[in-house]
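Participant: For this one, chain A is given, so just place chain B on it according to the hints.
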Amino acid sequence: MVVKVYGSVKAACPQRVLACLLEKGVEFEIVQVDLDEGEHKRPEFLLRQPFGQVPVIEDGDFKLFESRAIIRYYAAKYANQGPNLLGNTLEEKALVDQWLEVEAHNFNDLAFNLVLQLVILPRMGQRSDTALVHNLEQKLEAVLNIYEQRLSKSNYLAGDSFTLADLSHLPALRYLMNEAGMAHLVTQRKHVNAWWDKISSRPAWKKLASLAH
Amino acid sequence: MVVKVYGPAYASPKRVILCLVEKEIEFETVPVDLIKGEQRSPEYLKLQPFGELPVIQDGDFILYAIMRYYAEKYRSQGTELLGKTIEERGLVEQWLEVEAHNYNPAIYELTIQLLFSSKFGRPVDEKLVKESDEKLGKTLDVYEERLSKSKYLAGDFFSLADLSHIPFTHYLVGPMGRQHMIRDRKHVSAWWDDISNRPSWKKVLELCKTPFG
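These protein sequence lines are chains A and B, in that order. The letter at position 30 of the first sequence is residue 30 when you use the UniProt record's numbering, and the numbering goes up by one with no holes. The letter at position 85 of the second sequence is residue 85 when you use the UniProt record's numbering, and the numbering goes up by one with no holes.
Chain A extracted, bound-state conformation (with noise of 0.2 Å):
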């Protein structure tokens, strides 16, 4: 059975999930939804997701929402196939945990409302406001020095492996290094830099930018 996704190729939060998926040889299918002409305010995809929000997956009966629990499930009931994005021990796997949770809590508003200013409010004829990226991005270099100093320790955020926790940074960077222009962020930190060339080469991500942009 393949593990529908529904979402859109080219949105943060699918892609999380299909980053995971690829990584794990999990076969997937996507089912567009239409963000751009608010399918997922519609009726009946809050039946799906009654946030609101992408992605869902549908695999057989069992339904999930929110991209950090769907990736948790998928590399847990896949432990044993792909790599080992969960860490090998319980403390090696509280640590993913909790880079999962920085991610999600230090990095991920100021990422998203940064593109939502430099790349999405453009798109739709919108001003940006400028002082607000300014700060927003100031925010972000603190942050981001904390993790330069992180990986001047530690290859990955959790440890040695790539796991669940870098991978949950992949689409953000993505767009702020790219559509969003602000690659100095990353390139300007030695270590944070080395850390992004090393996971936006994995195969299963760059098949996945292929296909999304």
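Treat the hints with caution; some may be incorrect.
Quick look at which bits of chain A chain B covers, simulated, 3 or more residues with Cβ under 8 Å [what the hints assert, rightly or not]:
(1) 22-36
(2) 70-82
(3) 90-98
Here are the simulated lysine-lysine pairs, DSS-like style, with alpha carbons at most 30 Å apart [claimed, not checked]:
(4) B:Lys4 to B:Lys202
(5) B:Lys186 to B:Lys119
(6) A:Lys139 to B:Lys36
(7) B:Lys138 to A:Lys4
Calculated from the structure, these hints are not laboratory results. Quick caveat, the model's predicted, so the values are computed rather than measured. Every residue gets a Cβ at the ideal spot worked out from N, C-alpha and C, and that includes glycine.
Facilitator: Chain B alone, transformed into the frame defined by chain A:
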């Protein structure tokens, strides 16, 4: 060696403390005064580089995303907080993420505005309060629908997903004077009565006073 939990007076650390009590794990607490800005001290930043609460120290192991670790490590004792199957765990993760992204931001903003503004000598931002009330109301409507079909958020079992809501919701119905948001929703109200009357939560409130009485 006993787990040290930093910042027991505040709501986010109470999630951790509640989890430890449910799992019958011994702990001690270390006070951190947010009003004095102790979370920004060099000593604290060595433990949690983002300057946020909570953090734990378990021997040499320092962690700042904590509940899942202890819920797994002590799987065989105390309350089962992660569901029994991988799918049940998936639903626990889903509703933990919902709390983090759709519930907590609004209720956290209300906490800052209504409970902390005066402590920092700042005026309340009424616009933010209104927006947060609206967001929280919409989320609670989704919860009402969910809890009309399911005793607890992830299913018919109490889990980390429900637990995660307790400390800030305690503020909502207490010092924030917004009990109507819970009481006006029949199933949310029943769920709140159930989870807030657990002996573990009563124990946490006895052990760790909030700054608001």
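Participant: Would the hint linking Lys138 of chain B and Lys4 of chain A be met if the CA-CA limit is 30 Å?
Facilitator: holds, 28 Å
Participant: If you count the residues of the segment 22-36 of chain A with a beta-carbon closer than 8 Å to a beta-carbon of chain B, do you get 3 or more?
Facilitator: violated (count 0)
Participant: For a C-alpha distance cap of 30 Å, please report whether Lys186 of chain B and Lys119 of chain B respect it.
Facilitator: Judged against 30 Å, a Cα distance of about 34 Å means the pair is violated.
Participant: Is Lys4 of chain B within 30 Å of Lys202 of chain B, Cα to Cα?
Facilitator: Between Lys4 of chain B and Lys202 of chain B the Cα gap is close to 20 Å, so the pair holds against 30 Å.
Participant: How about the segment 70-82 of chain A: do at least three of its residues have a C-beta closer than 8 Å to a C-beta of chain B?
Facilitator: holds (count 5)
Participant: Checking C-beta pairs, does the segment 90-98 of chain A have three or more residues closer than 8 Å to chain B?
Facilitator: Result for this restraint: holds, n = 7.
Participant: Holds or violated: Lys139 of chain A with Lys36 of chain B, Cα cutoff 30 Å?
Facilitator: Holds, at roughly 22 Å.
Violated hints for the displayed structure, listed by number in ascending order: 1 and 5.
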